[in-house]
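Peer 1: Next come the chains, spelled out residue by residue.
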Amino acid sequence: MTKLTRRTVITAGAAMAGAGLHSGPLFARDAAAEGEGEGAPNNVARVRLMVNGREHQVSLDRRTTVLDALREHLQLTGTKKGCDQGQCGACTVHIRGERVLSCLTLAVAVQGQRIDTIEGLSPPQGPLHPMQRAFIDQDAFQCGYCTPGQIMSAVACVREGHARSDDEIREYMSGNLCRCAAYPKIVAAIKQARGLLEPA
Amino acid sequence: MRPFDFTQAESLSQAAMLASGTGQGQTDAATQFLAGGTSLIDLMKLDVLRPRRLVGLSGLRDANERIELNGRELRLGGFAKMAAVARHPLVLAHCPAVAQSLALAASAQLRNMATLGGNVLQKTRCTYYRDATWAACNKRSPGSGCAALAGFNRNHAILGVDGSCIAQYPGDLGVVFAALDAQLDLLGPSGTRQIPFTALHTLAMNRPHIETTLREGEIITQFRLPVGALTRRSVYVKVRDRASYEFAISSAAVALEVEGGVVRQARIGLGGMAYKPWRSLEGEQALSGKPLTEATMAAAATAALASAKTHGFNDYKPELGRRTLVRALQEAQAMTPAREA
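Going down the list, the protein sequences come from chains A and B.
Using this note's numbering, you'd call the opening residue of the first sequence number 1 and step up by one each time.
Using this note's numbering, you'd call the opening residue of the second sequence number 1001 and step up by one each time.
If you are wondering where the hints come from, they were derived from the structure by calculation, not from laboratory data.
Remember, predicted model here, so these are calculated numbers, not experimental data.
Every residue gets a Cβ at the ideal spot worked out from N, C-alpha and C, and that includes glycine.
Just to be clear, a hint being listed does not mean it is correct.
Partner residues aside, some chain B positions facing chain A, computed with beta carbon under 10 Å [what the hints assert, rightly or not]:
#, residue
1, F1004
2, S1039
3, G1056
4, L1057
5, G1059
From the structure, some residues in chain B lie toward chain A, with a derived Cβ separation under 10 Å [said to hold, decoys possible]:
#, residue
6, R1002
7, P1003
8, F1006
9, L1040
10, R1111
Bound-form chain A, shown alone (with noise of 0.2 Å):
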């Protein structure tokens, strides 16, 4: 029997919902329809991403945003969308080994690049990352909707050479807004964390 887990309904509910009223995903049947008529541009490109060192050949409408591309095409759905318009880092990511916002990369604009996400930053079975045991140990989340960003985000901090102090920590961590506020246990989990990272 399959383990039930939060992602596994969240997945299945949509998927359900979308046989309902369409027979593919939601956003791409939405953005598809959109662009017919009006001699609008043929707006489905076949697109190979690289994520977690697997690699994903997928239809896409062109407009599709890596974090779209992500949650609703790939089942990745650790990487979360905040704002959806560069201004909160939920959606941070790995592309090229720098951490970047998902949100305002265009999919077909980073074809066969390295991408990593939250799911790929520990082994499935594996310990947690450093980063992730941090932030469970220090209590550096209350809702938790920002963290896989914060944490991705604060990975690369310290790859950068960027968590030097506290101060140094807020400036470059500043990109990842928390509503919670649990910004104060987040530089403690990074500083707990920045000595176990290996340099970049």
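Since the structure of chain A is provided, determine the placement of chain B on it from the hints.
Peer 2: Frame of chain A; chain B shown alone:
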């Protein structure tokens, strides 16, 4: 977001040919280059920009992001990432103001995405431009008016404005480039050319939908910055409503060459104040040949803001601009520049 065609360019010359529809400096051209995308994708999601075609430049990044010193010229690739330039030892040593302006801009994630070329080309824009539900915006809909003139204009420009648009140029790096005589290398369908950075942006002049002097299909391939004693004593001071990840409400780029207590050369750029990246020749002239004192700094600040025109909520800006400039001059005076290599 509206549908668009997408072509990933495989060379600069191919990109320039593909992009013959970029118009001549129009903000709303039917073809747009996609580099870092941090501004373009945002404005497309808001339905403010509606390009029919995007020409992707990300595949050309590696070949056009060099940072090097050639004699007395610092060369910065047009595709270099903000983050890479902000931390580069050559930039830190020869022109700290460039590094500071970048490190204080946007967020760490955005600085990993945005290129220098895209950064200086970010739109002169305001909240009324970004919100398409406001009908009156001459930049978004030419001839429709300006909602900001009698609107909430607290962070709107006071220098270089006219009745057609009072948005402010929101960038930081551009302010430094304007002050320090940066030159641009451009590549277009009919070849290459060079222009001074100060000739890139235009004033609104009743056509704020045209922002630059770029010709169709032109790409910024490189920035060239003359460096020396002047630029090694340079600073960028940025004043914001919050401590980080915010646009300036006021900023100043200053470079000084002082000999025997007298200013041989001063350079002044102002941000958060003007419609375009602003160089203040008036402020510079007020300091030239004078000793650097509280009185001469104040005189330079008064001269730099003399032509300010405010619109109510931004009445505070001239005084803030003057104080920001004085602080930047004091910091430049106090700094210990890197020694010449």
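Peer 1: Name the hints, by number, that the structure is in violation of.
Peer 2: none
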